[in-house]
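Colleague: Here the structure of chain A is known, so what remains is to put chain B in place on it, guided by the hints.
Here the protein sequences come in this chain order: A and B. Note that the numbering used here has the first sequence beginning at 1232, numbered continuously upward. Note that the numbering used here has the second sequence beginning at 1232, numbered continuously upward.
If you are wondering where the hints come from, they were derived from the structure by calculation, not from laboratory data. Certain hints may be false.
Which copy? The list can't say, so a pair holds if one copy fits it or any two copies do.
Calculated lysine-lysine pairs in the DSBU-like style (CA-CA distance at most 30 angstroms, straight line) [stated by the list, open to error]: (1) LYS1239 / LYS1331; (2) LYS1302 / LYS1261; (3) LYS1239 / LYS1302.
Source: prediction; values computed, not measured.
2 protein chains.
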Amino acid sequence: MSNLPALKRPYYAVIFSSCRTSQGQQDYEKMAQRMETLAQAQPGFLGIESSRGSDGFGITVSYWEDLEKIKSWKAHSEHLIAQEFGRSQWYESFTTRICKVERDYDFEALSD
Amino acid sequence: MSNLPALKRPYYAVIFSSCRTSQGQQDYEKMAQRMETLAQAQPGFLGIESSRGSDGFGITVSYWEDLEKIKSWKAHSEHLIAQEFGRSQWYESFTTRICKVERDYDFEALSD
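This is chain A alone, in the form it adopts within the complex (with noise of 0.2 angstroms):
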């Protein structure tokens, strides 16, 4: 995964810091890979960025146009299985944060 391009404000961030448990790993990587798909096609969906360590924590952030849109995602019926199954299965912890972009800043190195 590589940093996004510039996004527009003003965006909001969703948070998602998460804990592994040694579960399912291929379910897992299925579902991950259809939510990423499926948020990419919902309303509002600006981008997503998402890294993992070999400790199992993780952290996703999505950004998106407003807090309607989120709202929305959060509610998609496919959606709402997979955090049915994250609760279940999937995570140790969860936390999820809905937060307001104020400021953003980005830098690319030089290329040889």
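Modeller: Showing chain B alone in chain A's frame:
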């Protein structure tokens, strides 16, 4: 790393998304550890969470009481030196986003 304890709103998040170069892994880790310790000692610091995948893409989110405290941390002399190393050696690209957390919720699995 694990999920943080609940934080009291209002609070702010700094999302730092970055692609590592392949340079200086040992120096980088040492500096990253030092910066985390230093950040924790700053006024207004509330917590930090971080993950980096095997592809070199990572996300670190630090949480702060207010924008003023974030500004002070950005301008901290030792942090400025680390930022300079970051641009010249450690990062291919990065994005920093300063956000106001509007809502948050947690989940923790019941232990068996």
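Colleague: Identify every previously stated hint that the structure contradicts and give their numbers, smallest first.
Modeller: none
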